[in-house]
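Chemist: Chains as they are written, first to last, in this note's numbering: chain A, 1 to 111; chain B, 1001 to 1118.
The hints are simulated quantities; they were obtained by calculation from the structure and are not laboratory data.
C-beta atoms are modelled at their ideal positions from N, C-alpha and C, and glycine is treated no differently.
Everything hinted at is true.
Listing some non-contacts, in silico: residues in chain B with all C-beta distances to chain A over 12 Å:
id	residue
1	1018
2	1063
3	1064
4	1067
5	1074
6	1080
7	1083
8	1085
9	1087
10	1117
In the BS3-like style, the derived pairs of lysine-lysine whose C-alpha atoms are separated by at most 30 Å in a straight line are:
id	chain 1	residue 1	chain 2	residue 2
11	B	1041	A	59
12	B	1041	A	110
13	A	57	A	17
14	A	3	B	1066
15	B	1041	A	98
16	B	1041	A	17
Take a look at the letters that make up each chain.
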Amino acid sequence: SQKIEQNSEALNIQEGKTATLTCNYTNYSPAYLQWYRQDPGRGPVFLLLIRENEKEKRKERLKVTFDTTLKQSLFHITASQPADSATYLCALSGNTGKLIFGQGTTLQVKP
Amino acid sequence: GAVVSQHPSWVICKSGTSVKIECRSLDFQATTMFWYRQFPKQSLMLMATSNEGSKATYEQGVEKDKFLINHASLTLSTLTVTSAHPEDSSFYICSARRTFSSGANVLTFGAGSRLTVL
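Given the sequences, and given the hints that come with them, work out the whole structure.
Modeler: Shown next as C-alpha cells:
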C-alpha cells in the first residue's frame, strides 16, 4: 500500500538556522508533491507544490526538492524564525486531486 | 483569495444525536471538496470525496450511512455525523480543490471543526 513517512520526532533548531524536513514515500508514483503548514487546532495551509519532472522549487525562504529516484522530498526553511514553528505536512497526489498526507513533522524554532 | 469557511469550529453533543458541519468556498467554485478526519498528533485521514451534484465517494472503512455528505452547490458541502458516539469525537477538516492551468490541484482547507461527543 502507499506509504508516506515523515520524521515523527519534533525538530528543534535555533533561530536563524536552516530547518530541513524529510518526506519519504513508497509504492507510489506521484504526479505532484505538496507541502502544507498546520498550526495547532487549525486546518493546513498550502505552501509549495512541485511536479514530478521538477527537481527544486523555491518561494521566499522556502525550498523544496523532489527526487523521484530516491522517492524523497526535502523541505528547507532558511533563516528560520520562531513564527515558523508549526507542523509541516507532506502530501502526494496523482492527477485526480486526491491528496495523501504524511503524519507531519513538528518544527520548533527557538529564539 | 481562495478562502474556505468551515462551521461550526467546535461542537459538543450528546451521544446519539446528529451533527452537521458546513464547508463553503467563499470566493471560488469548488466542484470537488474533500473531507478529512484528524486525531491528535496523527495525519489527516481522507474520509470521502464530495462531488457537486453527485454522490460522494467514500474511502475504505468509512461508513457512508454514518457520515452523510451532501454537495448540493458549487460552494457548499456538508458533512453530517449521524447518531454520534464518543468514538466519533475528532477534528474534521474540509478542503476545496482548485485546479490550475498547469493541471496541478491544490487544496484550500477550512479551519476545521472539533467535535466532542459526550
